[in-house]
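Novice: Chains as they are written, first to last, in our numbering: chain A, 122 to 235; chain B, 522 to 744.
No wet-lab data here; the hints were simulated from the structure. Check each hint, because a few of them may be wrong.
Listed next, the in silico DSSO-like pairs over lysine-lysine satisfying Cα-Cα at most 30 Å (straight line) [what the hints assert, rightly or not]:
{"#": "1", "chain 1": "B", "residue 1": "LYS532", "chain 2": "B", "residue 2": "LYS671"}
{"#": "2", "chain 1": "A", "residue 1": "LYS188", "chain 2": "B", "residue 2": "LYS532"}
{"#": "3", "chain 1": "A", "residue 1": "LYS235", "chain 2": "A", "residue 2": "LYS145"}
{"#": "4", "chain 1": "A", "residue 1": "LYS235", "chain 2": "B", "residue 2": "LYS532"}
{"#": "5", "chain 1": "B", "residue 1": "LYS532", "chain 2": "B", "residue 2": "LYS674"}
{"#": "6", "chain 1": "B", "residue 1": "LYS582", "chain 2": "B", "residue 2": "LYS683"}
{"#": "7", "chain 1": "A", "residue 1": "LYS182", "chain 2": "A", "residue 2": "LYS145"}
{"#": "8", "chain 1": "B", "residue 1": "LYS683", "chain 2": "B", "residue 2": "LYS532"}
{"#": "9", "chain 1": "B", "residue 1": "LYS671", "chain 2": "B", "residue 2": "LYS683"}
{"#": "10", "chain 1": "A", "residue 1": "LYS182", "chain 2": "A", "residue 2": "LYS235"}
{"#": "11", "chain 1": "B", "residue 1": "LYS532", "chain 2": "A", "residue 2": "LYS145"}
{"#": "12", "chain 1": "B", "residue 1": "LYS674", "chain 2": "A", "residue 2": "LYS188"}
{"#": "13", "chain 1": "B", "residue 1": "LYS599", "chain 2": "B", "residue 2": "LYS582"}
{"#": "14", "chain 1": "B", "residue 1": "LYS671", "chain 2": "B", "residue 2": "LYS599"}
{"#": "15", "chain 1": "A", "residue 1": "LYS182", "chain 2": "B", "residue 2": "LYS532"}
{"#": "16", "chain 1": "B", "residue 1": "LYS683", "chain 2": "B", "residue 2": "LYS599"}
{"#": "17", "chain 1": "B", "residue 1": "LYS683", "chain 2": "A", "residue 2": "LYS188"}
{"#": "18", "chain 1": "A", "residue 1": "LYS188", "chain 2": "B", "residue 2": "LYS671"}
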Amino acid sequence: MHELSVTENILDIALSHANTNHAKRVTDIYLVIGRLSSIVDDSVQLYWDFVSEGSICEAAKLHFERKPAVFRCQDCGSEYQIDSDLTPCPTCNSFRTIIISGEEFFVDSIEIEK
Amino acid sequence: MSAIRVPVVEKIFSANDRMAALNHRLLNQEHIYSINLMASPGAGKTSFILETIQHIGNEFKLGVIEGDTAPVTIDSDKVVAAGMPAVQINTGGDCHLDAAMLSDGLSRLPLSTLDLVIIENVGNLICPAAWDLGTHANILIASIPEGDDKPYKYPNIYRGLKVLIINKIDLTPYINFNMEYFRQGVELLNPGLVTFPVSCRTGEGFEAWIDWLRSQVLDQRSN
Numbered sequence: 122m123h124e125l126s127v128t129e130n131i132l133d134i135a136l137s138h139a140n141t142n143h144a145k146r147v148t149d150i151y152l153v154i155g156r157l158s159s160i161v162d163d164s165v166q167l168y169w170d171f172v173s174e175g176s177i178c179e180a181a182k183l184h185f186e187r188k189p190a191v192f193r194c195q196d197c198g199s200e201y202q203i204d205s206d207l208t209p210c211p212t213c214n215s216f217r218t219i220i221i222s223g224e225e226f227f228v229d230s231i232e233i234e235k
Numbered sequence: 522m523s524a525i526r527v528p529v530v531e532k533i534f535s536a537n538d539r540m541a542a543l544n545h546r547l548l549n550q551e552h553i554y555s556i557n558l559m560a561s562p563g564a565g566k567t568s569f570i571l572e573t574i575q576h577i578g579n580e581f582k583l584g585v586i587e588g589d590t591a592p593v594t595i596d597s598d599k600v601v602a603a604g605m606p607a608v609q610i611n612t613g614g615d616c617h618l619d620a621a622m623l624s625d626g627l628s629r630l631p632l633s634t635l636d637l638v639i640i641e642n643v644g645n646l647i648c649p650a651a652w653d654l655g656t657h658a659n660i661l662i663a664s665i666p667e668g669d670d671k672p673y674k675y676p677n678i679y680r681g682l683k684v685l686i687i688n689k690i691d692l693t694p695y696i697n698f699n700m701e702y703f704r705q706g707v708e709l710l711n712p713g714l715v716t717f718p719v720s721c722r723t724g725e726g727f728e729a730w731i732d733w734l735r736s737q738v739l740d741q742r743s744n
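Could you build the full structure based on these sequences and the hints that come with them?
Specialist: Okay, structure coming up:
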């Protein structure tokens with residue numbers, strides 16, 4: 122699995138923005154992860170404690186905001202959320218759908234002390 | 522001392538994406554068409570590459586980059602034996618290739634002599650999907666024995682595809698694979714995806730795939 126390199130990427134991004142803002146310490150990191158994007162679970166927090174050790178991000182808490190997969194039907198226009206199995210439009214059974222949410226995978230913000 | 526919330530809004534893979542953009546620019550400068558070939562272990566990636574060389578090797582010069590998690594050269598040896606330059610990248614246990622590894626691989630190929638580069642990613646349906654390499658096409662090989670539920674279980678890899686290859690179709694009579702269910706899952710994730718059913722063993726279906734590939738390589742050559 123690739124949680125370790127994901128964690129290292131998060132650290133690089135947090136450090137770069139912390140330095141730009143002259144932070145003494147980073148206390149919190151807010152992540153947005155879509156249901157359809159990379160699989161990232163709580164093991165990231167475990168890796169985090171190792172990779173952030175000795176940096177100004179040490180002991181920062183990671184917050185995960187998980188976004189559901191949301192599809193929009195191109196035939197009837199209705200929007201529906203997918204939690205487990207992929208299904209066609211529940212209103213008109215169409216397969217002509219577009220994905221409007223669920224692929225997010227980014228660092229939204231950090232909380233710092235100056 | 523005060524706590525301040527700083528907006529970031531940066532993709533977690535942004536460093537990789539920047540590197541991928543450099544790879545893409547280099548490939549365009551060299552007028553090379555490039556493919557990131559992904560699949561599960563055993564879906565037939567190397568066989569597919571070898572069969573493609575058989576069909577198109579007399580028209581185009583093709584280079585291959587083989588990604589493996591172990592320091593073996595089994596796959597690249599086969600490509601070299603088929604008469605094309607190949608380099609092996611050992612990911613050191615990592616589950617995928619990333620853009621920096623591809624950059625290294627490209628530097629070891631004679632790019633100015635090539636028309637087409639195929640990158641055989643590590644056999645895995647999860648991790649390669651997250652790392653853009655900067656190639657012109659992400660192509661997935663799904664094979665009949667893997668089962669018809671893979672789009673439902675691994676949606677992310679189907680999202681970024683330009684082409685889907687369905688391999689081992691000669692095994693269809695022996696395996697309980699519901700093609701309609703499989704295709705419906707693909708359609709939800711990637712509507713209208715270009716799909717080629719093939720068999721590397723019998724050669725069935727290769728003509729259509731090769732026609733598609735030829736037009737892409739010729740377009741890129743004249744760009």
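Novice: For the pair supplied as a hint, B/LYS683 and B/LYS599, confirm whether the alpha-carbon distance does not exceed 30 Å.
Specialist: holds, 26 Å
Novice: For the pair we were handed, B/LYS532 and A/LYS145, check the Cα-Cα distance against 30 Å.
Specialist: Holds: B/LYS532 and A/LYS145 sit about 24 Å apart, inside 30 Å.
Novice: Given the hint that A/LYS235 pairs with A/LYS145, does the C-alpha gap stay at or below 30 Å?
Specialist: holds, 5 Å
Novice: Has the given pair, B/LYS683 with A/LYS188, been kept, meaning a C-alpha gap of at most 30 Å?
Specialist: Cα-Cα ~25 Å, so holds.
Novice: Has the given pair, B/LYS599 with B/LYS582, been kept, meaning a C-alpha gap of at most 30 Å?
Specialist: Holds - the C-alpha atoms of B/LYS582 and B/LYS599 are around 16 Å apart, at most 30 Å.
Novice: Does B/LYS671 sit within 30 Å of A/LYS188, going by the straight-line distance between their CA atoms?
Specialist: The given pair, whose Cα atoms are some 22 Å apart, holds under the 30 Å limit.
Novice: Can the restraint linking B/LYS532 and B/LYS674 be considered satisfied, given a maximum Cα separation of 30 Å?
Specialist: holds, 24 Å
Novice: Assess, step by step, whether the Cα of B/LYS671 is no farther than 30 Å from the Cα of B/LYS599, and give holds or violated.
Specialist: Roughly 29 Å separates the two Cα atoms, so the pair holds.
Novice: For a C-alpha distance cap of 30 Å, please report whether A/LYS235 and B/LYS532 respect it.
Specialist: Holds - the C-alpha atoms of B/LYS532 and A/LYS235 are around 25 Å apart, at most 30 Å.
Novice: Given the hinted pair A/LYS188 and B/LYS532, is their Cα-Cα distance within 30 Å?
Specialist: holds, 15 Å
Novice: When you check the alpha-carbon spacing of B/LYS582 and B/LYS683, does it fall within 30 Å?
Specialist: holds, 22 Å
Novice: Measure nothing beyond the straight line between the CA atoms of A/LYS182 and A/LYS235; if it is 30 Å or shorter, mark the hint as holding.
Specialist: holds, 17 Å
Hint check: no violations occur; every hint is consistent with the structure.
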